[in-house]
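Peer 1: Both chains are sitting in their own frames, so use the hints and assemble them into the complex.
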Amino acid sequence: MIKIAGTTVSPSNIDGQWPSGSIGRKIIDSMASSLAVYDYDSLGQLQFELKLRMNIIAASRDLDLSGVTFASFYYSKCNSDYWYFTRDGGFLLKQGVTPSTAITDIFTNGSKYSFECATAMVIVYYKAVLESLHKETFDRLFAGLYLLGWWYRDEDLGFSSYKRRDYFPGDYRYFKNPDVNPRTPEWQGENVIDMGDGTYYGHPIGIKTADQMVGFLNEHRKPWARWSAYLLDMAGHPDFKYLSRYE
Amino acid sequence: MTAPIGTQERIAFLDQVRLEEGIDKLKKVFKESADHNKEAAVNSLNHENLQFTSLFLLRDEIKKLAILEQLSERNRISMEIVEDILSREKESPTASCRLSICDHIQMVQAVLRWMLETGSKDDGLSAEFTQVLDTTASLLTTVFRDETVLPLIADLIFTRSEKEFFNDYLIRAFFEAREPYTLDLIANRLRSPQVKEANLARRLLGFVPGIDVHKDTEGELHYRIFQAWLEENSPFLHYRGESFQETSKPVPYDVVLRGKYLGRSVSVDSGEILTPLTKEEYQILEEFENEDEAVKDSFATQSEVMRYQSFDDWKTWVRRPLKERQNAQKLGGSR
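Chains as they are written, first to last, in numbering that gives the first Met the number 0: chain X, 0 to 246; chain P, 0 to 334.
Calculated directly from the structure, the hints in this document are not laboratory data. Built from N, CA and C at the ideal position, the CB exists for glycine as well. Treat the hints with care, since some could be wrong.
Here chain X is said to cover these stretches of chain P; the calculated rule only asks that three of the stretch's residues, wherever they fall, bring their Cβ under 8 Å from a Cβ of chain X [claimed, not checked]:
| id | stretch |
| --- | --- |
| 1 | 123-132 |
| 2 | 163-174 |
| 3 | 243-256 |
Isolated chain P (complex conformation) (with noise of 0.2 Å):
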């Protein structure tokens, strides 16, 4: 192919001929390009639609004609995370700063964001490519709570399980995230029709008490637990970041009882109850927390109906006595 690389094009001329003639073709045209004319070729990667795959996978020629520098600030700074994620060493290279620290900080994300969404066209080109996939997903989803990608990441887990490709770091990178309400985008998928999707789905939430992984004909019952747990609890779900790597059954998210049971939201980092407590609470939860975990289940439980239904009525239940309470269960009753 001869033909000249310009910027004009909606779809970048290196995408379109990797998309159309292959990988080694990219590699041929682009160098015959910078053997004719280095600026150009230049150009051609510093294109507003370039794909992060291309840029990738056109590295070793980047380093050889020493061309670097005349990369723009966002191709320029997704080669240093790529070098960096894949030079296994500790300590990072300097990072260019051409920009002002702020302005690159955020150019980070930015550039971050661009590999992920453009790259996870490419997924599974390579072990080195789909590492650099991961570690973007993680750095966006840890380091910057970036939770605008997490649709994306959801799409690219099901679609690698749907290949049977390596899946375990982008799952963990996607619960680091720490937002239970993302679980939704996992949940959705217990309704699909998809056989393999709907497994990883339960699998992914086999946590939420009622969701039997093993059961792969009641997708929309599932789908209605799930809605009624994150309903009930999202307030108070505290993330231990269990993952594949430590057990086959990870628990994500626990649910603080003693939060649930006062009505109080808890941190999800920490688990601890973000508001002060008055003494009152305190005195309601010394009596709570010495019983057993089975006891704290059913009356966090019982707390959180009863608020719903009567701020009132449960404002005189939860100071009664504990014990008197259980008594009155005992017999019958639920007040």
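Excised from the complex, chain X in its bound form (with noise of 0.2 Å):
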């Protein structure tokens, strides 16, 4: 169910600007038939979630095509023009430097970058803000940018995950390895993004659907392990409504 303003809305009301068969559209359909209530204050609040998960998923698309490569924490690189390497395996932006345009390296000198892919979806998360917001605003809230893993992102993009009733494309999904082999703990699990399409993206997996993912995960699984990976059933996204208050 979606209520906007308190008041519940059909999909008739507001998916005029989503084509059928778009993500939009499709996100717009799950929400309305779902049990559970999704409470707008405004339509654009809405839209402004719906246009940042487009978003999520065309940065996942770009950051799979960049070059960038996997590498474990120990041996993570960046583009020193742009970004301090920092003890904690994380990248630091460099004074003199505007988020925006470091951000924006990452997918247009990707050979330049390895990283794990907890750091992929956050770079994910930040492209797609970018592309949702204005640059100037984008470069003001997020000044002194510092990618690590999952480390802080509960602070800056207000990001939650949770056990969930329903999924929608953009979401951030987690496979668990739980047998995996000591020797390679980076593939404890697999940070994805879902594509909306029954596929996910993972780096340095790529996009693939579930089954896939699960393959490659217990392929690195210890010798004689007993579990398979497995899809987690929580989601997480950043806070859709806090970050539309800057559209």
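Peer 2: As structure tokens, then:
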């Protein structure tokens, strides 16, 4: 069920700009038919969430094609023109560099970057937010940008993840690998974006089905492993309503 | 330095050179020694008190000299483990088998412990060295379930945090031990006057209700909250394995409410109640499982409290229909 300013609305009232078969229309239809209530202060707030979700999917595709490579935290690397590589394996924005420039560089100079799957998710979310807000607003909101997996994401993106009734395109999901080989802790799981068409984007696995993701992770289990990798029933996303205030 | 390399010192000669004169000098001295007398160089490596760091730093020289076979079992196994960790290849090289397989397994654990215990003194030496230490810790906690190394791993986690070194995989290795009582090794740090130490302790234990990650002035209170929570819930904790790779607020353990409600310990691995249930207990649980999580949490906690107060009263209480007890609760009574 979708409620806007306290009033229940039907998809036909709001789906004009989202063509039939589009991801936006799919999200609206799923929300409307759900038993959960999706509550918005205004139509604009809902439209911002839809736009940001579309941009999350687009940023996932772009990062997949950017030439970035995979490395565990030990061997991560970044373009030193824009970032400091910190001792804890993070990328810290250099003074005098705007966040928008540095984030965009990851997508245009991908070969200069190597990182783990969690950092890839964070980069996708920043790029999507950059595409959803004015550049100047983005630079103001994310001054002092610091990329290190999930460690600080509940603060600046308002990121949260929890068990959900519904899943939507653009959600963050996680494939867990409980029997991972201790030699390769980086494959303890795979952070992914729900692409909305039955596939998921994860770094460096690429855009794959759930079965393919599980198959890949199972290849990195310890000898005589008992448990298969699996998709967790939780999902996450940035705080759409908070970010919509800056549109 | 031209002193003969012997094996009688308390601190191994190679460690002494490294600690007093640095890594380059260590390599130079070892090479000169090997050129002059290969056997003496091998003996210096096989010194009982040698620290893992020196062996790690000399691995290229050892390869060049082709003396792997002359190394002690400890050193040879250790070299094989390092090669395996850093190879990035999936297939492990064949383990050396001079020992019987049963002795070999025990020797591997002892060597891993030696690598971690002596190597941790030089944590941060290089990315490769960090990777070797982390993997060593993980093998000990996950494969060997070796709890004796957990205090050392906890120390290492907090030392790294102080130095702002990479910590994620080591934190995971600690939690993968799956021993709730070892959380106390972290909880002690909630009271630390060192800001970074207390901050990380709150972050790691932030899943415990009542511990506020952002409140940095209530260390003693947080510690007491943790102790009360652990005392109340430790037999009912299930390891979920959530880590910082998947969320900024991992919940490594959750409380199995059905176990807490019946007062039956659960498996930390599976969350299943460990002992067989009676027919009556199944019936009690069936009613309980139909409630929502908040109600189950409330009744499980109440059940635990009553069991401690009077086991006989509790037995009567838990057998009464749950709805009846809910109504009594609404009217202000607990029975």
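Peer 1: For each hint, tell me whether it holds in the structure or not.
Peer 2: Against the structure, the hints:
Counting residues of the stretch 123-132 of chain P whose C-beta lies closer than 8 Å to any C-beta of chain X gives 5; at least three are required, and the coverage claim holds. Counting residues of the stretch 163-174 of chain P whose beta carbon lies closer than 8 Å to any beta carbon of chain X gives 8, which meets the minimum of three for the stated coverage. Evaluation of the coverage hint for the stretch 243-256 of chain P: fulfilled, as 6 residues show C-beta separations to chain X shorter than 8 Å, against a requirement of three.
Checked against the numbered hints listed earlier, the structure breaks none of them; every hint is satisfied.
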